[in-house]
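K.L.:
Taken in order, these protein sequences are the chains called A and B.
Counting from 21, one number per residue, gives the positions in the first sequence under my numbering.
Counting from 21, one number per residue, gives the positions in the second sequence under my numbering.
A few of these clues could be false.
Identical copies look the same in the list; a pair holds intra-copy or inter-copy alike.
[What the hints assert, rightly or not] The list that follows gives simulated cross-link-like pairs (lysine to aspartate or glutamate, DMTMM-like), each with its CA atoms no further than 25 Å apart: (1) K282 x D357; (2) K73 x E332; (3) K139 x E66; (4) K73 x E111; (5) K339 x E154; (6) K126 x E55; (7) K82 x E134; (8) K223 x D259; (9) K125 x E111; (10) K125 x E66; (11) K125 x E71; (12) K82 x E71; (13) K73 x E154; (14) K126 x E153; (15) K139 x E84.
To be clear, the hints were calculated from the coordinates, so they are not data collected in a lab.
The primary structure of each chain is shown beneath.
2 protein chains.
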Amino acid sequence: MSRKKVTFADIAEYTNFSKTTISRYFNNPDSLTIENQEKIAQALDELGYQENKLARVLANGKSEFVGIIVPNIYLHYYAEMLNQILSTYGEHNYKFLVFIGDNDKKIEQTYINELLAYKIEGLIVLSHTTTSEELASYQIPVVTIERESAHVCSVCTDNYLGGVQATSLLIKNNCSRLIHINSNTPEYVPAYGRIRGFEDTCKTSNVPYEIITADFGPTYDSTVEHIGRIFNRIEQMGDEKKGIFFANDTYTNIFLNFIIRKYGSLPPHYRLVGFDNSPIASEAVFPITTIGQQIETMVRNAMELLILQMNEMKKRVPKPLSAPIHRQVAPVLIQRDTTDPCTM
Amino acid sequence: MSRKKVTFADIAEYTNFSKTTISRYFNNPDSLTIENQEKIAQALDELGYQENKLARVLANGKSEFVGIIVPNIYLHYYAEMLNQILSTYGEHNYKFLVFIGDNDKKIEQTYINELLAYKIEGLIVLSHTTTSEELASYQIPVVTIERESAHVCSVCTDNYLGGVQATSLLIKNNCSRLIHINSNTPEYVPAYGRIRGFEDTCKTSNVPYEIITADFGPTYDSTVEHIGRIFNRIEQMGDEKKGIFFANDTYTNIFLNFIIRKYGSLPPHYRLVGFDNSPIASEAVFPITTIGQQIETMVRNAMELLILQMNEMKKRVPKPLSAPIHRQVAPVLIQRDTTDPCTM
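Turn these sequences into a full structure, and let the hints guide you.
P.N.:
Pasting the structure below:
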């Protein structure tokens, strides 16, 4: 397996083709017959030829690099999104340069400038650090996932529908008081749709409701402390059947743990629905009913929008999109043990 | 923010330096004074100069690319490892090309060949697909993390010590019967050290013990099913105080959930210790005592070993290491609610 320098001349001699033919194989393979392409490919393998892709990128500008910027991969939601994006390599052959944004705008912009210097073909952005207006100014294909995206193409979960699904199930479970628990979410963030979906459904069905928002702090422990306080407050409300819709599965699990440590089981006057279908929803002491984001479908849509733009850039006279394309993916209701069995 | 082509001539005119000086700035900046470097850097910024790093890589071979191959990032352990590796960008400036190996050897090797064609400087391998002998044959700097590594540099947790820590705590908790639960782990895998650490500690302390291994299947649900059977079997053993050390926190949490659903609480005749300190250990209904791998320290060691090799490759006459360097990182015992409070 030792790798020595193999030149076009070596390949030509080995295959009995001319150097021009070998050159055409690399720069315009379709001008050769399939048989000849295969002969040369086999010779390259036998000779241990080590292609220098960088030289080709310089010549034709197609780096096959795509940059990804995620805020973190500590949260399973981002890890799974990244997992699905990276797994498209087998299908599309793009190589991914991955960067953890983590809210430091200066480092994020240094990184984007580096990516541009390496001639990336496109950029997938999940972090919230850089505005879509700034992203658009880089004049390369961009798609964002689940974030502000006024000036660039985007894919989002239909968060409003998710809120409606969760709330409708709790109403069908005959909950007489509905509660939504969320962090302080600005209205321009896509996830705000969950709050609107909850509120509209409660109003339409004429069920009394309450929205509890709080700053849960930066750590898991601070979140537990805040949810504990909310649990104590809700416990004061008495025994009426409460349906609680949480902004995510982590909050739901923490609340469920407070219930179990007090009651030893899930009493019938609590019904809970989470959001995300993250692993903790399955791993909880009673598996949690949740709204699942279709991450695979979201990633497929994101790659479609990105490839559409990247292919356009390869044309002799690329025509940029007249307006950014925005796609929404419907979430799915996954019923488990924190709600009553119910056909929706 | 529009980006037009800016040439060396433009920069020379703008700064009143010669084109030779501008060229030296890019190829040998230390030959200029700091003041002049800063003047040129500021001019580049003002002119909106877009560096073409690929051209420089071709000239000097320093791509600043490092490849990472992970088996998946579904498991939090790999996600956190990747998180820590990517976060070294701020310090070392390496750009990471990330690939999900996922046990398909053919795709993994296609990908490695692509990475070589893009002139990566080094490779970090967490997947088990390619043997260390094959990795060594690529003749580029390699470091593996927590896997077979006979022929390349590596970083591992001291798994044996972890097994000793967990088992010693259970013995101090006065458990009269010790049980270890693990999947079928081959002896050449670093994690096998956990089993040896458990067994040696039980023998030294003369405590009766049992090792239960099983094939838990490919999914979370199949794992739950198998752990459920093991739970029923252990329940038959009666009320003596059982100390159970699990191969990971996921198994521990599933077992704990079976206990809670039966007893409504954690009875005093069960004491549990997990491994990994993954989020589920904190998020369980009773936070789980566990052996934490020091992932940040492991990644720091891995980057040190990689950079050592990569810097050597940049010398005019690189001297390869005479033998691969292997480093072990001590794990830490994290006591939570599934064991009795105890000073170790």
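K.L.:
Classify it for me, K125 with E111: is the Cα-Cα distance of at most 25 Å met within a copy, between copies, both or neither?
P.N.:
For K125 and E111, only the inter-copy Cα distance (16 Å) is at most 25 Å; the intra-copy one is 32 Å.
K.L.:
Could you figure out if K73 and E111 sit no more than 25 Å apart (CA to CA) within one copy, between two copies, both or neither?
P.N.:
This pair counts as within: shortest intra-copy Cα distance 19 Å, inter-copy 27 Å.
K.L.:
When no copy is specified for K73 and E332, does a C-alpha distance of 25 Å or less occur within a copy, between copies, both, or neither?
P.N.:
Intra 22 Å, inter 24 Å, cutoff 25 Å: intra and inter.
K.L.:
Can you tell me if K223 and D259 fall within 25 Å by alpha carbon in one copy, between copies, both or neither?
P.N.:
So K223 and D259 pass the 25 Å test inside one copy only (22 Å; across, 54 Å).
K.L.:
Please sort K126 with E153 into within, between, both or neither, judging by C-alpha distance up to 25 Å.
P.N.:
Within. Shortest intra-copy distance 16 Å satisfies the 25 Å Cα cut-off; inter-copy 41 Å does not.
K.L.:
From the Cα coordinates, with 25 Å as the cut-off, is the pair K126 and E55 best called within, between, both, or neither?
P.N.:
Between. Shortest inter-copy distance 23 Å satisfies the 25 Å Cα cut-off; intra-copy 52 Å does not.
K.L.:
When Cα atoms must be at most 25 Å apart, do K73 and E154 count as within-copy, between-copy, both, or neither?
P.N.:
between (30 Å within a copy, 22 Å between copies)
K.L.:
Have a look at K82 and E134 and pick one of within, between, both or neither, based on CA distance no larger than 25 Å.
P.N.:
both (17 Å within a copy, 14 Å between copies)
K.L.:
Given identical chains, is K139 near E84, meaning Cα to Cα at most 25 Å, within a copy, between copies, both, or neither?
P.N.:
Result: close both inside a copy and across copies, 9 Å intra and 14 Å inter.
K.L.:
Measure nothing new, just compare the shortest in-copy and cross-copy C-alpha distances for K125 and E71 to 25 Å and report within, between, both or neither.
P.N.:
Result: close only across copies, 21 Å inter versus 37 Å intra.
K.L.:
First find the shortest C-alpha distance between K339 and E154 inside one copy, then the shortest across copies, and answer within, between, both or neither for a cut-off of 25 Å.
P.N.:
Within. Shortest intra-copy distance 20 Å satisfies the 25 Å Cα cut-off; inter-copy 46 Å does not.
K.L.:
Between K82 and E71, at a C-alpha cutoff of 25 Å, which is it: within one copy, between copies, both, or neither?
P.N.:
both (15 Å within a copy, 17 Å between copies)
In the structure shown, no violation is registered for any of the earlier numbered hints.
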